[in-house]
Amino acid sequence: MQVPILKQGPYLIATLQSALSDAELLDLRDALAERVGKSRSRGVIVDVTVLDVMDSFAARTLSAIANMLRLRGSDTVIVGIQPEVAMTMVELGLKLDGVTTALDLEEGLAYFKRGISG
Amino acid sequence: MSAKMQIEASSVPHESTRQLLSELVSHLRENRQQLREEWARRITEAKLLTAMTKEEVFAEATSVYDNYVEVLETGAVEALQAYARNLSERIIPRGVQTDEVVGIVLLLRDVLARSLFKRYQHDFSLLNRVLDAYEPSANRIANTVAVGFVEERERIIRQQQEAIRELSTPVLQVRERLLILPIIGVIDSQRAKQLTEQLLRGIRNNRARVVVIDITGVPSVDENVANHLVQTVDASRLMGATVIVTGLSSVIAQTLVTIGVDLSKINAVGDLQGGIEEAERLLGYKVNATPEIQSQGVDLQSK
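Chains as they are written, first to last, in the numbering used here: chain A, 2 to 119; chain B, 201 to 503.
The hints are all genuine.
When the alpha-carbon atoms are kept at most 25 Å apart in a straight line, the in silico SDA-like pairs for lysine to any residue are as follows: (1) B:Lys465 to A:Met88; (2) A:Lys39 to A:Leu7; (3) B:Lys254 to B:Ser315; (4) B:Lys393 to A:Glu85; (5) B:Lys465 to B:Arg407; (6) B:Lys393 to A:Val51; (7) B:Lys465 to A:Glu85; (8) B:Lys486 to A:Leu110; (9) B:Lys318 to B:Pro336; (10) B:Lys465 to A:Glu92; (11) B:Lys393 to A:Val86; (12) B:Lys465 to A:Arg61; (13) B:Lys393 to A:Asp105; (14) A:Lys96 to B:Ala426; (15) B:Lys465 to A:Asn68; (16) A:Lys96 to A:Glu107; (17) B:Lys393 to A:Met88; (18) A:Lys114 to B:Arg481; (19) B:Lys393 to A:Thr89; (20) A:Lys96 to B:Ile466; (21) B:Lys465 to A:Thr101; (22) B:Lys486 to A:Glu107; (23) B:Lys465 to A:Gly116; (24) B:Lys486 to A:Gly116; (25) B:Lys393 to A:Asp56; (26) A:Lys96 to B:Val461; (27) A:Lys96 to B:Lys465; (28) B:Lys247 to B:Arg290; (29) B:Lys254 to B:Pro293; (30) B:Lys393 to A:Leu93; (31) A:Lys114 to B:Glu480; (32) A:Lys114 to B:Asn405; (33) A:Lys114 to B:Thr442; (34) A:Lys8 to A:Thr62; (35) A:Lys96 to B:Arg401.
Going by beta-carbon spacing under 10 Å, a handful of chain B positions derived as facing chain A: (36) Thr396; (37) Glu397; (38) Leu399; (39) Ile403; (40) Arg404.
Worth flagging that the hints you see were computed from the coordinates, not collected in a lab.
C-beta atoms are modelled at their ideal positions from N, C-alpha and C, and glycine is treated no differently.
Could you put together the complete structure from these sequences and hints?
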């Protein structure tokens, strides 16, 4: 299932609708990299609220997305990691180092707005 | 398994054993008054159950005695078990120790055995058979009472542990988007996990962006606890919250550096006040003291 990528002003918002397969994750990565250039976005929010588990491949791909988009000139925030998911991730040693995280979509947008005004 | 078989075996005694036991029971019933008094006297002499008054000891002794004789008669320990639990529930809060409870049951066993000795002195082989019938039941009774007491104690301990766990990990909101988590007492793995879960739920429910974890009340920290702390910080960050750790004592700081935990990502501030101030700064709060009120405050203090 494809992940819809919405444009909201200078930002892109990708909200996962269900758990993704590895191939779908890579599709998301490629689609985001392309869309960022096309729409000249300054920030991308990836909303993973729906996920109730995050494996190492997903965590690695999210890190890759953040690093790739930085090279394309955009900041990335991962939002909506649930308490149980966060617990499991740190137990597995998946810490998403260097990736910005926020509580939910609203906080993600607030993060970007702060970055621009300050 | 073996215990159950033993109970089944002894609750269906041989005909002769049953006869002996019923004779024994009638002997104990006849001498109830005297044996009971003897037992109570021995309890006082041995300085057991000192937390209870003489009258209370005597009343309990009567109940235990009657239960005891009943078990000898019927071989069914359920009633005694229930009584032992009930007794334990009443006397544990008064500080009665395990050795006292075991002690009084063994004393009763001794008192009764002595009376049997006296009665069957003349016929040595009969005495032997009577004791053969008496000993297993007596042991089982002692066992039942002791186990009942210890189980009750353990139940109370579990209950208290539960209460301490629930009491000691409050997650408090002090400002919009700011939580504090004061940790008091020893942290083990289970508690650390529970604490993290509670904090993460608190972050979601209160939409917190900054969390101050205060460990002033934690007496010592080992490698496991330190790693849990790091995990808590990481998990909170995944949920978009920054963690500030405060109240690291010099001893704990030394330990952490010595055991070499990676603390580069831990944001530490000296005390809780400093932590809250730092959090306010991160959240963009500015706290100003109004000059008039401040001077009034000084006046009030000087009065």
